Amino acid sequence: MAKILVFTELHGTHVKGVTLEILGRLAGHNVEVAAIGAIPSDAVSELAKFGAAKVHSLKGANLEKYSPEGYANALKGFISAGSFDYVFSGATSVGKDLLPRVATMFDAGMASEVTNFVMEGDHFAGTRPLFAGKCFAKVELTGPKPHFVTVRPNALGLNANPTAGAAAASEASVDAGAIRAMIKDIVKGASEKLDLTEANIIVSGGRAMKEAANFKILDEMASVIGATVGASRAAVDSGFAPHAMQVGQTGKTVAPTLYIACGISGAIQHLAGMRTSKVIVAINTDPDAPIFTKADYGIVGDLFTIVPIMTQEFKALLGK
Amino acid sequence: MNIFVCVKQVPDTETKIVPTADATFIETSSIKWIMNPYDEFAVEQALLVQAANAGSTVTVVRVGSSKDTEALRTAMAMGADDAFLVEAQDNLDSYMIAKALKGAIAKSGKTPDLILTGKQAIDDDCLQVPQILATMLNMPSVSVVVGYEGSATDVTVKREIEGGALEVYGVKLPALIACNKGINTPRYASLPGIMKAKKKPLTTLSLADVGVSDADKRVKYSSFQLPPEKPPGKKFDATDAGKMNGVVKEVVGLLRTEAKVL
Numbered sequence: 001m002a003k004i005l006v007f008t009e010l011h012g013t014h015v016k017g018v019t020l021e022i023l024g025r026l027a028g029h030n031v032e033v034a035a036i037g038a039i040p041s042d043a044v045s046e047l048a049k050f051g052a053a054k055v056h057s058l059k060g061a062n063l064e065k066y067s068p069e070g071y072a073n074a075l076k077g078f079i080s081a082g083s084f085d086y087v088f089s090g091a092t093s094v095g096k097d098l099l100p101r102v103a104t105m106f107d108a109g110m111a112s113e114v115t116n117f118v119m120e121g122d123h124f125a126g127t128r129p130l131f132a133g134k135c136f137a138k139v140e141l142t143g144p145k146p147h148f149v150t151v152r153p154n155a156l157g158l159n160a161n162p163t164a165g166a167a168a169a170s171e172a173s174v175d176a177g178a179i180r181a182m183i184k185d186i187v188k189g190a191s192e193k194l195d196l197t198e199a200n201i202i203v204s205g206g207r208a209m210k211e212a213a214n215f216k217i218l219d220e221m222a223s224v225i226g227a228t229v230g231a232s233r234a235a236v237d238s239g240f241a242p243h244a245m246q247v248g249q250t251g252k253t254v255a256p257t258l259y260i261a262c263g264i265s266g267a268i269q270h271l272a273g274m275r276t277s278k279v280i281v282a283i284n285t286d287p288d289a290p291i292f293t294k295a296d297y298g299i300v301g302d303l304f305t306i307v308p309i310m311t312q313e314f315k316a317l318l319g320k
Numbered sequence: 001m002n003i004f005v006c007v008k009q010v011p012d013t014e015t016k017i018v019p020t021a022d023a024t025f026i027e028t029s030s031i032k033w034i035m036n037p038y039d040e041f042a043v044e045q046a047l048l049v050q051a052a053n054a055g056s057t058v059t060v061v062r063v064g065s066s067k068d069t070e071a072l073r074t075a076m077a078m079g080a081d082d083a084f085l086v087e088a089q090d091n092l093d094s095y096m097i098a099k100a101l102k103g104a105i106a107k108s109g110k111t112p113d114l115i116l117t118g119k120q121a122i123d124d125d126c127l128q129v130p131q132i133l134a135t136m137l138n139m140p141s142v143s144v145v146v147g148y149e150g151s152a153t154d155v156t157v158k159r160e161i162e163g164g165a166l167e168v169y170g171v172k173l174p175a176l177i178a179c180n181k182g183i184n185t186p187r188y189a190s191l192p193g194i195m196k197a198k199k200k201p202l203t204t205l206s207l208a209d210v211g212v213s214d215a216d217k218r219v220k221y222s223s224f225q226l227p228p229e230k231p232p233g234k235k236f237d238a239t240d241a242g243k244m245n246g247v248v249k250e251v252v253g254l255l256r257t258e259a260k261v262l
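Read top to bottom, the protein sequences are chains A and B. Counted from 1, the first sequence has number 222 at position 222 by my numbering; the numbering is strictly sequential. Counted from 1, the second sequence has number 56 at position 56 by my numbering; the numbering is strictly sequential.
These are calculated hints, taken from the structure and not from any lab test. Only a predicted model underlies this, so the values are computations on that prediction, with no experimental measurement involved. Among these hints, one or two may not hold up.
Unchecked claim - Calculated cross-link-like contacts (lysine to aspartate or glutamate; reagent style DMTMM-like; alpha-carbon spacing at most 20 Å): (1) 243/B with 313/A; (2) 252/A with 162/B; (3) 138/A with 125/B; (4) 217/B with 87/B; (5) 217/B with 140/A; (6) 243/B with 286/A; (7) 200/B with 82/B.
Unchecked claim - Covered stretches of chain B, as calculated for chain A (at least 3 residues, CB under 8 Å): (8) 175-187; (9) 222-234; (10) 246-256.
Positions of the beta carbon are idealized from the N, C-alpha and C atoms, including for glycine.
The following block holds chain A by itself, in its conformation from the complex (with noise of 0.2 Å):
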């Protein structure tokens, strides 16, 4: 039995939704969860629900927002103290950048953003893909401990965790250090909604919407079914969206379990960013656009008719 810490990251009540599919598959470990900042007892019952045995909240001067060194340098010292073989997170903005530090401050390695994983008694062995998901490999970690993981959203699922009990609340307090890159100020994004990297809905346009302004129609898909809209990167190169909202090899890789794609031929790069969408939609005019291959269900026609509609059948659908 592996000692495993995972760390998550908090929003208002709750913790990251990639950390309960994390906690769901290390079932029959002891395991262990932190975050800096006070964790609210609701999130609190349910990491314990998905098998949590300890619940910290790390505390310390400096650590408010957000900064690479003073998170490294707090989550460091409180491993250490802890003794943990593995040390998990989600592939969030702040675990993709936090972890590769505090594992190279134990001269770790550290297996970026798996999709699937088992611990062998208590080896790790995970399989993630690679050259944005156009191959996947199996990934081993070897050297020093605690070896550190990062585990995209989505790609688990939720498992509840049959040993899970109640969960011990502690505080710790940990030290930020020196810090030398410090957060002056955020800049919120146009959308509120999840990022493209854990929404469980996309909605993506392509070079055939034309311009920015036609993003519009799919907004308007976006908020009756709660998706995320994304765009290719013709669409992003064309200037009709952010390169935030790009999916794609030089964009973002993404799992969700709907993916409509309007107007979207398909390019390899951006067939390799979406393929792990658990069921695909796409619109397209041209009957042998790639997308279709890589389609559950293709409809063969013009975008902006068949959004609007489609619009109005989930309303109908949903109830809206």
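Following the hints, put chain B in place on chain A, whose structure we already have.
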């Protein structure tokens, strides 16, 4: 200022990836190699900082196979002054690459004031090397940066996080900044630039020269395989105005009854 840029050479984004017969890596014999697209932003940013700070030099460092030196030659054709190549296989893990980059920077004899990298390489997509290298060098660093301004001693950078929100950081140099698309528009190498690049110094080092050995291996990869092919889906013709509504209604219905995603 001593400016360093770390670049990687990766298969072109249109490459069809094929695992080797023994599944230990991918077939590399017929691949078209390019500079990692995010590294182009790092090279461009280095040249912009150099132009703003007279007397600065831009040194490019790469770890990888010497079969093709496309990435380093491109960087020098864009305007970088010199280059170091640490000869190694193309599938080293992030820890080994970062340690080799650190060793090569030390071998250059210059103390870095600024290190620029791409935010991630589009081959293994680990997004680790910039943070590992900064930690090894005990340097502050910010990753996924889409905005950069500042002087030779202090910079303000914007880091992109979830939902396109930005964290604005003040950083004292020396520092490492990992660039994302949007930070600048990389220039194309001019023909005179390409000719000049051929005469610029390219120093080749071995992994042993930079103090890296098999003992530094942290990540083991095996069983490279293609993703499972999906069975063919259902395709509907909605080009005819009369059928459109029916088709869309049917697909939306199937999303609930068959795919069970709504």
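Structure-based check of each hint:
Distance check on the hinted pair: residue 243/B and residue 313/A sit about 15 Å apart at the alpha-carbon level, within 20 Å; holds. Distance restraint check for residue 252/A and residue 162/B: the Cα-Cα separation of roughly 11 Å lies within the 20 Å cut-off, and the hinted pair is therefore satisfied. This hinted pair checks out: residue 138/A and residue 125/B have alpha carbons roughly 15 Å apart, not beyond 20 Å. Under the criterion of a C-alpha separation no larger than 20 Å, the hint pairing residue 217/B with residue 87/B is consistent with the structure, at around 16 Å.
Proximity of residue 217/B to residue 140/A is assessed by CA-CA distance (about 11 Å); at most 20 Å being required, the pair is judged to hold. Annotation: proposed proximity of residue 243/B to residue 286/A holds, straight-line Cα distance about 17 Å (limit 20 Å). This hinted pair checks out: residue 200/B and residue 82/B have alpha carbons roughly 6 Å apart, not beyond 20 Å. Evaluation of the coverage hint for the region 175-187 of chain B: fulfilled, as 4 residues show C-beta separations to chain A shorter than 8 Å, against a requirement of three.
Check on the region 222-234 of chain B: 10 of its residues sit with their Cβ under 8 Å from a Cβ of chain A, so the three-residue criterion for coverage holds. Under the rule that three or more residues need a Cβ within less than 8 Å of chain A, the assignment of the region 246-256 of chain B holds, with 9 such residues.
The earlier numbered hints are all upheld by this structure, with none contradicted.
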